[in-house]
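Fit chain B to the supplied structure of chain A, relying on the hints for placement.
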Amino acid sequence: MSATQFIELIINGLITGSIYALVGSGIALVYGTTRVLNFAHGELMMLAGYGVLLFAVTLGWPVLLAALATILIVMLLGAVIQRVTIAPLLKREDWAFNVVAATIGLSIFLQSAAQLIWGEQFQGVPYFFNGVAVIGEVRMPWQRIAIFLVALGVMGLCALVLYRTRLGRIIRATAQDAEAALAVGIPSGLVHTAVFAISAALAGTGAILLSPLVTVSPWMGASYLLKGFAVVILGGLGSFGGAVAAGFLLGLIESFSVAFVSTEWSNVVAFLFLIAVIWARPEGLFAGRGA
Amino acid sequence: MLRLEGVNVHYGATRVLWDVAMEVGAGEIVAIMGPNGSGKSTVLKAAMGLKKPSSGVVSLDNEELQNKSATLRPKRGMSIVLERRRLFPRMSVEENVMLGAYTRKPSEARETFRWVLDLLPEIKPHLNATAGKLSGGQQQMVAIARGLMANPRVLLMDEPFLGLSPAMVKTVCSIMQMINERGVAILFNEQNAKLSFSMSHRGYLLESGRVVLSGSGEEMLDHPEVRRVYLGIRETAA
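These protein sequence lines map, in sequence, to chains A and B.
Following the UniProt record's numbering, the numbering of the first sequence begins with 1 at its first residue and continues without gaps.
Following the UniProt record's numbering, the numbering of the second sequence begins with 1 at its first residue and continues without gaps.
Quick caveat, the hints were computed from the structure, so don't treat them as lab data.
Cross-link-like lysine-lysine pairs, in silico, DSSO-like; alpha carbons within 30 Å at most:
| id | chain 1 | residue 1 | chain 2 | residue 2 |
| --- | --- | --- | --- | --- |
| 1 | A | 91 | B | 68 |
| 2 | B | 52 | A | 91 |
| 3 | A | 91 | B | 51 |
| 4 | B | 52 | B | 68 |
| 5 | B | 194 | B | 170 |
From chain A, some residues computed to sit far from chain B (all C-beta separations above 10 Å):
| id | residue |
| --- | --- |
| 6 | 69 |
| 7 | 97 |
| 8 | 101 |
| 9 | 111 |
| 10 | 116 |
| 11 | 219 |
Taking CB as the label site, the calculated pair distances span:
| id | chain 1 | residue 1 | chain 2 | residue 2 | range |
| --- | --- | --- | --- | --- | --- |
| 12 | A | 112 | B | 135 | 54 to 62 Å |
| 13 | B | 57 | A | 88 | 23 to 31 Å |
| 14 | B | 21 | A | 91 | 21 to 29 Å |
| 15 | B | 59 | A | 108 | 43 to 51 Å |
| 16 | B | 173 | A | 190 | 36 to 44 Å |
| 17 | A | 282 | B | 26 | 48 to 56 Å |
It should be emphasised that the depicted structure is a prediction, and the values quoted were computed from it without experimental measurement.
Just so you know, even glycine gets a beta-carbon here, dropped at the ideal spot from N, CA and C.
Bound-form chain A, shown alone (with noise of 0.2 Å):
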């Protein structure tokens, strides 16, 4: 193998991975501060495609503008679906099987839902940024570049009001202990709720960036959240800067393997990976660094 290959073989992983860890750490925040599985997280992405492919393709709005009502749309509706499946759920004492079985239902519901409204068929988003970009032989798709630089500011933002601003500490105050959180008169209801938005937000980024290298269709956000979920458990449940390092870490492999085995087996070299994790260290590669 060549330097050049090596390089790019970084690149593409370093890429997918973004996508992984956007999707993983919205799924990680939410988990963490409510210990909430959320199994609508992939339904969240599908909808922000239909939301890129309407706004950006079919109303023909310039793609930021597209972007940015696509993803103040998924937030609302992460918000609103907190507020009204999942909030009710969590006074009860048996919360935890009823929330998995709410989001597993909702996640149904929205795709059946996506296929009774737009159909069965698979819609291509064209590329937002054309061109090549070329560094000595490396050659890599601006489109693909501005994946990886986008998903890597989205996810800074987020550390960025996570650590640094007065939203971000009782965020994190509500992931480490809800009860003492509340009763030094946080609002933990409204933290869930803005924390379910804002992993919203992280998906909808994810899916926009992704939509016009894999099409939109009802089933889009599937492997996503599998994929999700796996970089949350790699990363320790719950951690929000694990899941972004373990999203890149699989990105990495998926993309070593692809090159060294082959493209059907590089899912299974990953699960491998995951299930050698959960092994050797069960509570994931960078457990108790939460939110």
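The following block gives chain B in isolation, referenced to the frame of chain A:
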């Protein structure tokens, strides 16, 4: 000031408090004593709004609070030091303490922060330390500091001496006295009868979720039942 009347609490189908009535007057130290599982912590959680009573009244200065959110209590002048400190373990000591003033204006919070550091100078050197890495005694200081940041008129303390060394128990006792001397009423619970009633103006004995005895600290310590069951003193016939 703080009053509980006919308070009943259920966990699922299990009733854990039975018509509990208690009162804390301005500037008082009031102890709730009772064995493990008698419902002491539940009384404090019901008062603080962390556990909703199935019936009964919780009021502060005649304002009924039982149906209102726990988030309202700090604004009304009530705060709690939870059992086993319950700090935000991965946040710094300063962040923990400042979050105690969540409901207050930043300028007021800064003023109270200075007052709290004067009262508890032990935490000053640890302000940037991660709260979860402090010793049990140091964590209790931080938890008390966080409770005081709401500038409460009534401070609830759930098992404030749990897991502390005898020397640290003495320190926490004297801190509680100092807080009380500054006009803050304290309602705390504890399993040790001598410790509870010797430092309190009044006390309640709770058994199986029911108040079975109440009186001044001295009366409680002199009560034959308390002496026999909780102090292990056998009365000998004259």
